[in-house]
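*Asks:* Here's the letter readout for the chains.
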Amino acid sequence: MNWTAIRSIYIFEMFRFFRTIAQSFLAPVISTSLYFVVFGAAIGSRIQEVEGISYGAFIVPGLIMLTVITQSISNASFGIYFPKFIGTFFELLSAPISFIEIVIGYVGAAATKALIIGLIILVTAFFFVDISIAHPFAMLLFLVLTTISFSLFGFILGIWAGNFEQLQIIPLLLITPLIFLGGSFYSISMLPPVWQSISMFNPVVYLISGFRWAFFDTADVPVFTSLLAICLFTAACLTVIWWIFRTGWRIRQ
Amino acid sequence: MTDIVTIKDLRKAYKGGFEALKGVNLGIRSGEILALLGPNGAGKTTLISTICGITTATSGTVSVGGHDIVRDFRAARKMIGLVPQEINLEPFERVINTVRFSRGLFGKSSDDAAIEKVLRQLSLWDKKDAQIRELSGGMKRRVLIAKALAHDPRVLFLDEPTAGVDVELRKDMWKVVAGLKAEGVTIILTTHYIEEAEAIADRVGIIAGGELLLVEDKDKLMQRMGQKELEVQLTAKIDTVPDSLQSDALRLSDDGMALIYTYDTRAERTGITKLLSEVAAAGLTLRDVVTRQSSLEDIFVNFVKEDAA
Numbered sequence: 000m001n002w003t004a005i006r007s008i009y010i011f012e013m014f015r016f017f018r019t020i021a022q023s024f025l026a027p028v029i030s031t032s033l034y035f036v037v038f039g040a041a042i043g044s045r046i047q048e049v050e051g052i053s054y055g056a057f058i059v060p061g062l063i064m065l066t067v068i069t070q071s072i073s074n075a076s077f078g079i080y081f082p083k084f085i086g087t088f089f090e091l092l093s094a095p096i097s098f099i100e101i102v103i104g105y106v107g108a109a110a111t112k113a114l115i116i117g118l119i120i121l122v123t124a125f126f127f128v129d130i131s132i133a134h135p136f137a138m139l140l141f142l143v144l145t146t147i148s149f150s151l152f153g154f155i156l157g158i159w160a161g162n163f164e165q166l167q168i169i170p171l172l173l174i175t176p177l178i179f180l181g182g183s184f185y186s187i188s189m190l191p192p193v194w195q196s197i198s199m200f201n202p203v204v205y206l207i208s209g210f211r212w213a214f215f216d217t218a219d220v221p222v223f224t225s226l227l228a229i230c231l232f233t234a235a236c237l238t239v240i241w242w243i244f245r246t247g248w249r250i251r252q
Numbered sequence: 000m001t002d003i004v005t006i007k008d009l010r011k012a013y014k015g016g017f018e019a020l021k022g023v024n025l026g027i028r029s030g031e032i033l034a035l036l037g038p039n040g041a042g043k044t045t046l047i048s049t050i051c052g053i054t055t056a057t058s059g060t061v062s063v064g065g066h067d068i069v070r071d072f073r074a075a076r077k078m079i080g081l082v083p084q085e086i087n088l089e090p091f092e093r094v095i096n097t098v099r100f101s102r103g104l105f106g107k108s109s110d111d112a113a114i115e116k117v118l119r120q121l122s123l124w125d126k127k128d129a130q131i132r133e134l135s136g137g138m139k140r141r142v143l144i145a146k147a148l149a150h151d152p153r154v155l156f157l158d159e160p161t162a163g164v165d166v167e168l169r170k171d172m173w174k175v176v177a178g179l180k181a182e183g184v185t186i187i188l189t190t191h192y193i194e195e196a197e198a199i200a201d202r203v204g205i206i207a208g209g210e211l212l213l214v215e216d217k218d219k220l221m222q223r224m225g226q227k228e229l230e231v232q233l234t235a236k237i238d239t240v241p242d243s244l245q246s247d248a249l250r251l252s253d254d255g256m257a258l259i260y261t262y263d264t265r266a267e268r269t270g271i272t273k274l275l276s277e278v279a280a281a282g283l284t285l286r287d288v289v290t291r292q293s294s295l296e297d298i299f300v301n302f303v304k305e306d307a308a
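Which chain is which? The protein sequence lines are X and Z, in order. Numbering that gives the first Met the number 0 puts the first residue of the first sequence at 0, with every later residue one more than the last. Numbering that gives the first Met the number 0 puts the first residue of the second sequence at 0, with every later residue one more than the last.
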């Protein structure tokens, strides 16, 4: 392992994050705050409690997940696509590093950025709503696992994408609907039975449910099922990355 | 001199079936400047990309400093620096950071003194905190070289370092290359300018159609390439070369409107003065005089002909 190289990639990527600090974290923080104001305070006060929790507090885990998932994907996909786009990718290919080191550097940085944003939003939430965290360590574990797994997914996306449109299309058409329909703003138990069953095919349901359990000790699905789901998703992403590494798909001609 | 890079029967076929390299064998000597000459699409960049690990070979082997580029890729690549043809740099990055990144990427610990040395060597020290986008094209090229040198490579590949570069900058670049050679760095550069090879190379290799046609000491090759043509255009058509001008070096153009004289630029006397005065003495009136050097393409055609013969 070339740890110096991994460190260099990681630091370089984090520098990009801090250079574009407004775009990198001010934007997600502001948009999430708006969600809190609109759904939490303005509309939320007229919505009855969900599973014994005020609506404003109920949506906090979902909102954090929404941001953390989209940020992980966009950070990682952009991080690896950008060198491909401007042509600096050759340097990674000619360096004495293997693909695994590239993955650790880029995914590590993308996950860190998403984690920072997630924690900032959590802190922001305390200003708007009254929440307490029932299982802080489980909460952190879910957060870290989510940033890593979706950064891996984003990395794959960035390797696959041939242009900026392709980079945006999967998050737009697939991920965002899955998150919104994954119970970010409601409990799955509020849905008619048919939609409850259909929702069980949405992997994001398990993530949000597990994460919400860490906050409020209530969940749509058993917490270990949530943990298993995220581990399976991570394993699937790692398998794809291993395959890319073996075949050089979209990397080396 | 020992070989620092050994290329054996290197082949590369792209997915579409296009064969970019058709069995290249080449030994690059330690400390030399080797110029690889060839027209566009000859396989120059593919050859360099394969050695540097950007493309994978279909078959054949390459070793750098005794390290196989596949089995022992880490050791091999640590010895190599690559300056690509295109100016590929992050526009918003600062010069010093991008050079530092390259050094780290190649596994070398951060060393401010080493970075400063490289930047000074390329006259970039004043610009170290500038963003890449603020730099001129020539400066950007220097940044690319600085990045390639950041990890102290023993072998430097320059892929068309002077393509689209003005004369002054080109000479500047040649000075940089000469400086590196003095430090013992082996340099391989690709170009399609004969003058460039002539100015700085120790040896010249010619690539066309994915094959290495020859590798020769520059001086020997330049003798073979040093033929030049002088075209004396006439105001009126003539049917034969006047008797007073008859020589092996002179022939009449197909349309009879010009005399074509072949001479060696390296000869002590080219015979041009004599020719022109004799043309005047023969009563011919000149319209224009044009000289031209056989182009690289012409030379390839000749090589191919020689090969076929």
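Worth flagging that the hints you see were computed from the coordinates, not collected in a lab. Hints are not guaranteed to be accurate.
Unchecked claim - Pulled from the structure, derived: some chain Z residues nowhere near chain X, Cβ distances all over 10 Å: (1) Gly30; (2) Ser62; (3) Glu85; (4) Glu89; (5) Pro90; (6) Leu134; (7) Ala198; (8) Arg202; (9) Gly208; (10) Lys217; (11) Ala248; (12) Asp263; (13) Ala266.
What the hints assert, rightly or not - DEER-style ranges, computed between Cβ atoms: (14) X:Leu173 / Z:Tyr13: 26 to 34 Å; (15) X:Trp194 / Z:Glu133: 51 to 59 Å; (16) X:Val143 / Z:Gln130: 28 to 36 Å.
To be verified - In silico DSS-like links for lysine-lysine, alpha-carbon gap of 27 Å or less: (17) Z:Lys139 / X:Lys83; (18) Z:Lys219 / Z:Lys7; (19) Z:Lys126 / Z:Lys116; (20) Z:Lys174 / Z:Lys219; (21) X:Lys83 / Z:Lys217; (22) Z:Lys14 / X:Lys83; (23) Z:Lys139 / Z:Lys180; (24) Z:Lys217 / Z:Lys227; (25) Z:Lys170 / Z:Lys139; (26) Z:Lys273 / Z:Lys236; (27) Z:Lys126 / X:Lys83; (28) Z:Lys174 / Z:Lys116; (29) Z:Lys217 / Z:Lys273; (30) Z:Lys273 / X:Lys83.
Positions of the beta carbon are idealized from the N, C-alpha and C atoms, including for glycine.
*Asks:* Any Cβ of chain X at or closer than 10 Å to alanine 198 of chain Z, or is the non-interface label fine?
*Replies:* holds, 27 Å
*Asks:* Does aspartate 263 of chain Z clear chain X by more than 10 Å, comparing its Cβ with all Cβ atoms of that chain?
*Replies:* The assertion about aspartate 263 of chain Z holds, with a minimum of 42 Å to chain X.
*Asks:* Can you confirm whether the C-alpha distance between lysine 83 of chain X and lysine 217 of chain Z stays at or below 27 Å?
*Replies:* Answer violated: lysine 83 of chain X to lysine 217 of chain Z is near 38 Å, above 27 Å.
*Asks:* With respect to the beta-carbon atoms only, verify the hint that tryptophan 194 of chain X and glutamate 133 of chain Z lie 51 to 59 Å apart.
*Replies:* holds, 56 Å
*Asks:* Measure nothing beyond the straight line between the CA atoms of lysine 174 of chain Z and lysine 116 of chain Z; if it is 27 Å or shorter, mark the hint as holding.
*Replies:* Satisfied, since the Cα-Cα distance of roughly 16 Å is no more than 27 Å.
*Asks:* Over 10 Å to the closest beta carbon of chain X is the bar; see if glutamate 89 of chain Z clears it.
*Replies:* For glutamate 89 of chain Z, whose nearest Cβ neighbour in chain X is about 6 Å away, the distance does not exceed 10 Å, so it is violated.
*Asks:* Given the hint that lysine 139 of chain Z pairs with lysine 83 of chain X, does the C-alpha gap stay at or below 27 Å?
*Replies:* holds, 19 Å
*Asks:* Is leucine 134 of chain Z truly not at the interface, in the sense that its beta carbon sits beyond 10 Å from all beta carbons of chain X?
*Replies:* holds, 15 Å
*Asks:* Taking the shortest Cβ-to-Cβ distance between glycine 30 of chain Z and chain X, state whether it exceeds 10 Å.
*Replies:* holds, 22 Å
*Asks:* Check whether the Cα positions of lysine 14 of chain Z and lysine 83 of chain X lie no farther apart than 27 Å.
*Replies:* Measuring from Cα to Cα gives roughly 20 Å; hence the hint holds.
*Asks:* Against the 27 Å threshold, does the CA-CA distance of lysine 273 of chain Z and lysine 83 of chain X hold or violate the hint?
*Replies:* violated, 60 Å
*Asks:* Beyond 10 Å from chain X, beta-carbon-wise, is serine 62 of chain Z?
*Replies:* Holds: least Cβ distance 15 Å, greater than 10 Å.
Checked against the numbered hints given earlier, this structure breaks hints 3, 4, 5, 21, 29, 30; the rest are met.
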